[in-house]
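Visitor: Residue numbers (the numbering used here), protein chains in the order written: chain A, 1 to 309; chain B, 1 to 368.
I should point out that these hints are in silico values taken from the structure, not numbers from a laboratory. Be a bit skeptical, because a hint or two may be false.
What the hints assert, rightly or not - Pairs of lysine-lysine, DSS-like flavour, derived with a Cα cap of 25 Å:
#, chain 1, residue 1, chain 2, residue 2
1, B, Lys319, B, Lys252
2, A, Lys121, B, Lys71
3, B, Lys71, B, Lys39
4, A, Lys121, B, Lys239
5, A, Lys121, B, Lys255
Said to hold, decoys possible - Here are a few chain A residues that sit away from chain B, every Cβ distance over 12 Å (derived from the structure):
#, residue
6, Leu95
7, Ser114
8, Asp130
9, Val133
10, Leu166
11, Thr176
12, Ala254
13, Val281
14, Arg306
To be verified - Quick look at which bits of chain B chain A covers, simulated, 3 or more residues with Cβ under 8 Å:
#, region
15, 114-120
16, 193-207
17, 361-367
A virtual CB, placed ideally from N, CA and C, is assigned to each residue, including glycine.
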Amino acid sequence: MNADTVILILVATITAGVPLIFSALGELVVEKSGVLNLGVEGMMIVGAISGFMVAAESGQLWLGVLAGAGAGMLMALIFAFITLTLMANQVATGLALTIFGIGLSAYMGQAYSSVALEGIKSLHIPLLSDLPVLGQLLFSYDPLVYLALLLFPLLVWFLYHSRGGLVLRAIGESPTSAHALGYPVIRIRYLAVLFGGAMAGIGGAYLSLAYTPLWSEGMTAGRGWIALALVVFATWRPGRVLLGAFLFGGVTIAQFHVQGLGVDIPSQFLSMLPYLATIAVLVLISRNAKTIRLNAPASLGQAFHREVH
Amino acid sequence: MMTNPFTTQRHPRLKTLLGLLLVASSLLLGAAQAEDKLKVGFIYVSPIGDAGWTYQHDTGRKALEEKFGDKIEVKVLDSIPEGAEAERVTRELASSGHKLIFGTSFGYMNPMLKVAKAFPDTHFEHATGYKTTDNLGNYNARFYEGRYLAGMVAGSMTKDNKLGYVAAFPIPEVLQGINAYMLGAQSVNPKIEMNVVWVNSWFDPGREREAADTLIDQGADVITHHTDSTAAVIAAQEKKKYAIAYHSDMSKYGKDAHLTAVTHHWGDYYIKQVQSQLDGTWKPGSIWGGIKDGMVDLAPMNDVVPADVKAKVEEAKGKIKDGSLHPFAGPVVDQDGKEIVAAGSNMSDEDMSKMAFYVKGITGKLPK
Chain A
1 MNADTVILIL VATITAGVPL IFSALGELVV EKSGVLNLGV EGMMIVGAIS GFMVAAESGQ
61 LWLGVLAGAG AGMLMALIFA FITLTLMANQ VATGLALTIF GIGLSAYMGQ AYSSVALEGI
121 KSLHIPLLSD LPVLGQLLFS YDPLVYLALL LFPLLVWFLY HSRGGLVLRA IGESPTSAHA
181 LGYPVIRIRY LAVLFGGAMA GIGGAYLSLA YTPLWSEGMT AGRGWIALAL VVFATWRPGR
241 VLLGAFLFGG VTIAQFHVQG LGVDIPSQFL SMLPYLATIA VLVLISRNAK TIRLNAPASL
301 GQAFHREVH
Chain B
1 MMTNPFTTQR HPRLKTLLGL LLVASSLLLG AAQAEDKLKV GFIYVSPIGD AGWTYQHDTG
61 RKALEEKFGD KIEVKVLDSI PEGAEAERVT RELASSGHKL IFGTSFGYMN PMLKVAKAFP
121 DTHFEHATGY KTTDNLGNYN ARFYEGRYLA GMVAGSMTKD NKLGYVAAFP IPEVLQGINA
181 YMLGAQSVNP KIEMNVVWVN SWFDPGRERE AADTLIDQGA DVITHHTDST AAVIAAQEKK
241 KYAIAYHSDM SKYGKDAHLT AVTHHWGDYY IKQVQSQLDG TWKPGSIWGG IKDGMVDLAP
301 MNDVVPADVK AKVEEAKGKI KDGSLHPFAG PVVDQDGKEI VAAGSNMSDE DMSKMAFYVK
361 GITGKLPK
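Chain B extracted, bound-state conformation:
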């Protein structure tokens, strides 16, 4: 006859007691741990790598850890697909005592919303989304401000007055970049033309390369990209053309080609939000920060860019900072000649978030 209390029914009370003890002790342990340090979680959609969207967020995460040191405990989960897996991971972070959780991909919005409802005491921050609740805030950056400045560089450096743009998907964020870049280029060079090629993928180095080659073959001598790999910069370097990179400084992939890059900077924001969590003042925000907030910037320019171009760009940057220059300041005219923004006014944030047109000067029709 077996006497093990855990496998027979003879000591049910003992079993329950032991179980309760276990639960209580783990709760106590958990509480003790939580008191010591703030646990912060980060969820990334792709591997961290050496350049790109996730890399920039991770650079911000590093700045955060450097700032707070032992006061916080940071957990990073990378390569988490959007959808059900994201929900599972968010839930796991929340239930293991992470009080502030950052998710950095658009498709995490609904999973995070769901988990936020289940964990009212945990704070969630979602990058690039638009939904907020009492404990879910979102944050995004005005990448188009950097694009406008990069467009000025491209417009000054092109010899054939023809630019090329490798784009991922026709959504407002990408269109803001395309149009701001074109307007920036036109501000220094009214004769400019631009081709856009859509690859319908955020990340496929082979296709990005093919698209960049196509643009160069069609006569573009400065190309840029809104996709994740360094392929476009490499293509420009090999074909002895210029490139403007996105997300990160990619100069080491094309030291002659790389004119500059529109870069993202999240560190200050992460530090600010963690500080408010530590102070107990965290609130769900809806932040769309730009050059002024240090969330968007340009990478150091290549030596081939003349000093007067650099000075002009610096001047425009200063004006964007103080609010006297808006990339979408009227008159903004679309491809068909229709006036979208009247002279004397700026495009509203709401209109920008629904952008669905090409500005005048871009070749081709926008895929709908």
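Isolated chain A (complex conformation):
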């Protein structure tokens, strides 16, 4: 394996991680506020078809990305209304949201499986893109990749260095105390859930508009579930979400390269690797049980009942 191959693998790894970064960072914010939304897969796939439809009809790819975010938010709004306002069970509602999203996207997409789109193109930055090695490694992606990478520092700043983030985390730890201090628990949870929906929607739209510019039923193929697992895998830390997304993307890409190079390892075993890696890392992390307990938002998954006087 030469240096060129390594660069190709790294470049492919970055793009493979992008849909996961959007969805998982979105879900991280949701879970930090104490809400568990298992509907990521459903929001992603509705984002994928909505983005694709709008882009195909208007010819505007970026309008498609916005539509993907909007559709994800609408799905999230349904979830928020049922769990936050009506106080239904979050786990059941999230699962229902996924099933609903898969069906809805199939229905919406009936006429679009035959449409061929150009897709969001990689940027070509004069001079920078032409640099040897670095040009390809750093400056050869489509704009959504940079957006995903930009999202990370913004989120870290928001969660750990801003007042809003502090309130959000406080609500995730103890909604009752936060409420007693006068913070609008329900409203902030609504905002967090909507943000998560928008991010999952963009993650889905990335798949249908940039990664594989096409629409076909079930095309998210479980990436929403991987994003959910990533949040736990990362013990609710944004940095580890980012690393985990690249690990997942990278192992998949690497195993294809290993196969193509003719290394004598069964492909079924290689396909299993990303999941094996997740389990291995989870085991390593959870050897220190305290880390997990300290990081999981204490009120995760529990409905908040405002006391009525």
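Assemble the complex: chain A is given as a structure, and chain B must be docked to it using the hints.
Guide: Structure of chain B alone, referenced to chain A:
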């Protein structure tokens, strides 16, 4: 005191009588309906979409309806998962008077077998399976014949003598395709090499795309796929390489990249089987049809394919039709140099249905 005869025990005989009447009338109605038209059922494993395995079966179904018009009544059920759900759906079709039922996925075999036993008067046709009974037949196509021709196109169009193949699962049907494609390519270009990448999924556009990109990154300039989405063709189009599609013509997804496609055609078979059902001559068959039967073909070739290549492929197609060319005609040598088929003989259908090797020239080891 209530007097409703249906909720009290005072008129049990009236209730039974009414019930019997209901059953009898529905039976009569059903019979009357069945006399009018032959009811035909189709069960698909995935949505119909615009390209792919199920789409091709549905194109056949449309040809069938066009041919028989009002004489038959066709019911289509799509996205039916293999296993218990398939059994339930097959049973439902059989019990609602469908006399001929087509199931088009390998995993429907055992469910259909079970239902076939329970409905001896109903005829079942299963695509790609190997079990038959008195009222269950199966049908399949020799996709490898089309693959051989597509391989000739790929072998003629590659500049770097390197081909790439995105494959789903290492089962005989997929291996027949891989090996026939390679042999076709070698027949026009002995220097050819080929990489195969297994995605272990029939359908996951993201992974198919990643696999296609990997093959291109490793130097393949013509790629093909045995998976269900159009992702490989799209990848080739974006990276300015060539692609050969599978199942359906996918040229609109890559107008420069798409050289041709190995396509499936079921319409004539469906028409023939329905006709024999109408004539009362239906028999459970075990059909493995090829180019000769019109079940496999190549999509129109891209303009970049030179005329002499087209002519060569046409010639080979004619030879496959008349039986003078067999894709697995000996000598067939596997990767390790072992002779699988001796010169002068063709591989038997039985050996092909158990295929588990790579022919010489393919890089990598076959996953076992």
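Visitor: Compare the structure with each hint and give your call.
Guide: The hints, checked one at a time:
1. B:Lys319 / B:Lys252: Cα-Cα ~30 Å, so violated.
2. A:Lys121 / B:Lys71: Measuring from Cα to Cα gives roughly 52 Å; hence the hint is violated.
3. B:Lys71 / B:Lys39: Holds - the C-alpha atoms of Lys39 of chain B and Lys71 of chain B are around 9 Å apart, at most 25 Å.
4. A:Lys121 / B:Lys239: 12 Å, holds
5. A:Lys121 / B:Lys255: 18 Å, holds
6. Leu95: Check passes; 18 Å lies beyond 12 Å.
7. Ser114: Non-interface label fails for Ser114 of chain A: nearest chain B Cβ at 3 Å, not farther than 12 Å.
8. Asp130: 18 Å, holds
9. Val133: About 15 Å separates Val133 of chain A from the closest Cβ of chain B, which puts it past 12 Å; holds.
10. Leu166: The claim holds: Leu166 of chain A sits with its nearest Cβ about 37 Å from chain B, beyond 12 Å.
11. Thr176: The assertion about Thr176 of chain A holds, with a minimum of 42 Å to chain B.
12. Ala254: 9 Å, violated
13. Val281: Per Cβ check, Val281 of chain A is outside 12 Å of chain B; nearest 21 Å; holds.
14. Arg306: Non-interface label stands for Arg306 of chain A: nearest chain B Cβ at 42 Å, farther than 12 Å.
15. 114-120: violated (count 0)
16. 193-207: holds (count 12)
17. 361-367: holds (count 4)
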